[in-house]
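Colleague: Below are the chains, spelled out letter by letter.
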Amino acid sequence: MEPQKEIVLHGIPASPGIVFGKAYVFAKQAPRVEEKSIIENEVALELERLQHAVDRSEKELQKVLQLTEQKIGSQKAKIFEAQIMILADAVLFGSIRKRIQKDLKCAEFAVHREISKYQQLMMNSSDEYMRERAHDVEDVKNRIIRNIQQEKLISRFEPNSIVISEILTPADTVLFSRNEVLAYATDMGGVTSHAALLSRSLNIPSVVGLKEITKQAQIGDAIIVDGYTGNVIIHPSAETIERCSERKKEHELFDAQLKEIREFTAQTTDGKIVYLSCNIEFSEEAGNVHAQGSSGVGLYRTEGLFLRTENYPSEEEQYTEYRAVVEKSHPHKVIMRTLDIGGDKVVSSSASEENPFLGWRGIRVLLDMPEVFLTQLRAMLRASAHGEVWIMLPMISGIKEIRQSKEFLEKAKKELRDKNIPFDENIKIGAMIEVPSAAILAGEIAQEVDFLSIGTNDLIQYLLAVDRGNEVVSSLYQEFHPAVIKTIQNIINEAHRAGKPVSMCGEMAGDPVALLLLLGLGLDEFSMTPHVLPEIKKIIRSVSFAEAEEIARHVLDMKTEDDIKDFLRVNLQSMVPELLME
Amino acid sequence: MIDKVVTIMNRAGLHTRPAAALVKLAAQFQSEFFIYKDGFEINGKSIIGVMTLAAEQGSTLQLKFDGSDEAQAAQAIVGLFDRGFDEM
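Chains as they are written, first to last, in my numbering: chain A, 4 to 585; chain G, 30 to 117.
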């Protein structure tokens with residue numbers, strides 16, 4: 004057979020590593036349903052899958068219903084109630100099961116065929132209300148089919164697969180990772196999307212924004228994913244494989260060098276010490292804190308726990324998880340961020356907002372849901388009895404939210420005190436600075452809290468009015484925009500004026516190019532995805548603080564991102580020539 | 030087998046809540062329960078089916094009950110229609 008022509012696609016590198024494997028193409032949107040027949044002894048499994056998918060759909064809808072009721076009101080929530088009732092329709096599912104058992108059709112086809120009949124009737128109605136109901140029926144149908152397919156997909160997974168998809172939700176990313184996926188390559192998505200962050204923390208190489216990889220790649224194709232450059236090569240030639248293997252070796256060699264400095268302090272050549280810490284999402288990752296030689300956890304995202312369970316996790320569940328993180332990180336501190344759900348992070352919510360990034364998220368959700376907030380605060384406080392915990396509030400936009408949150412914290416403390424449950428009475432509380440209004444009020448906010456942490460991903464997005472996940476405008480998302488740099492400078496200066504430390508937990512804190520600038524601006528703590536930490540430490544140990552300050556001063560006078568980036572790159576390369584720059 | 034004709038009394042018609050109430054009530058009986066409207070036959074124990082009827086205020090439906098407890102089923106369900114699903 005003639006070898007197939009090599010295809011090279013360029014995307015955005017989202018998680019590093021070079022991987023060789025076989026493609027598994029997963030069509031996420033608008034489930035396609037084929038009329039597939041099954042054989043007699045597959046019937047039982049097919050029925051079981053149907054049941055699982057229905058159960059799962061029900062749990063998803065219950066969660067959406069709950070969210071909708073709390074936020075939008077019970078009127079709108081009725082839609083989901085109706086969808087849940089459909090899932091319990093014995094007549095409907097009787098006929099679906101009959102199609103599987105008697106006609107020997109696959110579950111998704113049976114669901115599609117039976118529900119579509121009703122959908123068609125509703126669509127033909129002259130009544131507006133009825134046509135609306137047809138959309139609900141469509142939703143519930145797609146949800147069941149998607150859940151059946153997801154389960155089949157996972158059960159069909161071969162080891163060493165590279166998952167190729169239009170887009171991945173955070174939930175998918177985690178789900179697939181349990182099946183030893185080698186790498187991800189997607190049509191859409193930006194480098195700072197939550198799925199990209201997750202794949203990095205799971206050490207799974209990934210490339211996003213490939214635009215048409217789902218069209219180019221077929222199931223079973225040989226594929227190379229290069230998470231350093233963002234290249235994905237389908238049907239690689241012998242020479243390409245050779246070249247990529249070489250590069251893989253170079254990277255592994257450099258990584259080995261980095262391991263040697265693991266136990267050393269992050270100290271510049273002229274003696275300035277900074278803190279390098281890890282961003283983590285799962286308690287299992289807390290092991291990285293020591294493995295990568297960091298000084299603690301600078302951002303522990305608690306959403307993972309909430310996304311994995313169907314309902315809100317109990318205080319006990321949260322406490323167990325938080326305590327594990329604290330104990331694994333000991334003797335270093337853990338900065339725990341309270342639930343930052345919303346935006347692109349809401350699991351399977353159909354209760355969509357027009358503008359989720361400007362909507363109900365972060366601290367706004369928590370202040371609206373006192374029980375959820377108090378439960379989480381109590382769990383965090385209890386964890387603080389086992390090691391140093393700082394609490395960080397996301398999406399703060401003004402002083403009032405901080406004061407309200409502190410009242411909740413006091414209430415949570417009192418509840419524990421009344422029950423004689425131990426916790427750290429002097430637990431520190433800080434604000435994440437990611438909304439422009441909070442950046443402007445950094446000085447005032449710093450007086451209200453114990454520390455500030457700059458969340459660059461959202462700050463940049465809000466400051467520049469660019470949706471980082473929208474590939475049409477994602478090139479306007481500029482970490483080195485002069486306005487971003489001046490804003491960061493202001494936050495650091497104002498925090499220091501109030502005598503409070505300031506950390507950064509956005510992607511920028513782990514970007515080697517940004518390092519000299521941030522160091523020179525006086526940032527105290529850099530919190531980053533664990534795998535980049537050794538490299539950042541190497542850079543810190545190779546440069547002087549005085550030089551970094553000089554570089555920062557110079558950058559503050561520069562006018563465009565391109566100039567700034569070039570300037571920082573050139574300086575970095577001359578100061579740390581052994582870095583592997585792509 | 031029992032045949033009955035009913036008229037939708039409440040203003041909103043046979044929308045989601047009444048449809049749910051109807052299906053729940055029908056499930057309490059052994060008898061089969063079918064609804065006929067404009068030439069369509071719908072199983073009255075199926076929420077998705079009842080939703081499909083799009084029965085607005087004033088429309089008439091033919092109900093058919095068949096089974097051991099058909100009399101009780103007919104009485105209870107016709108009663109629910111007559112009370113306008115308790116929405117009046």
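Hints in this document: simulated from the structure, not taken from any laboratory. Where hints are given, some of them may not hold.
[Stated by the list, open to error] Partner residues are not named here, just some residues of chain G that face chain A (Cβ under 10 angstroms, in silico):
no.	residue
1	T36
2	M38
3	R40
4	H44
5	A56
6	Q59
7	Y65
8	N72
9	G108
Glycine is no exception: its CB is placed at the ideal position from the N, C-alpha and C atoms.
Colleague: Look at each hint and say if it fits the structure.
Modeller: Checked hints:
1. T36: Nearest chain A Cβ about 18 angstroms off; hint violated.
2. M38: M38 (chain G) check fails; min Cβ-Cβ to chain A is 18 angstroms, beyond 10 angstroms.
3. R40: violated (13 angstroms)
4. H44: Interface hint status for H44 (chain G): holds (7 angstroms vs cutoff 10 angstroms).
5. A56: holds (8 angstroms)
6. Q59: Cβ of Q59 (chain G) sits 13 angstroms from chain A, so the hint is violated.
7. Y65: violated (14 angstroms)
8. N72: This hint holds: N72 (chain G) lies near chain A, its Cβ roughly 5 angstroms from the closest one there, short of 10 angstroms.
9. G108: violated (22 angstroms)
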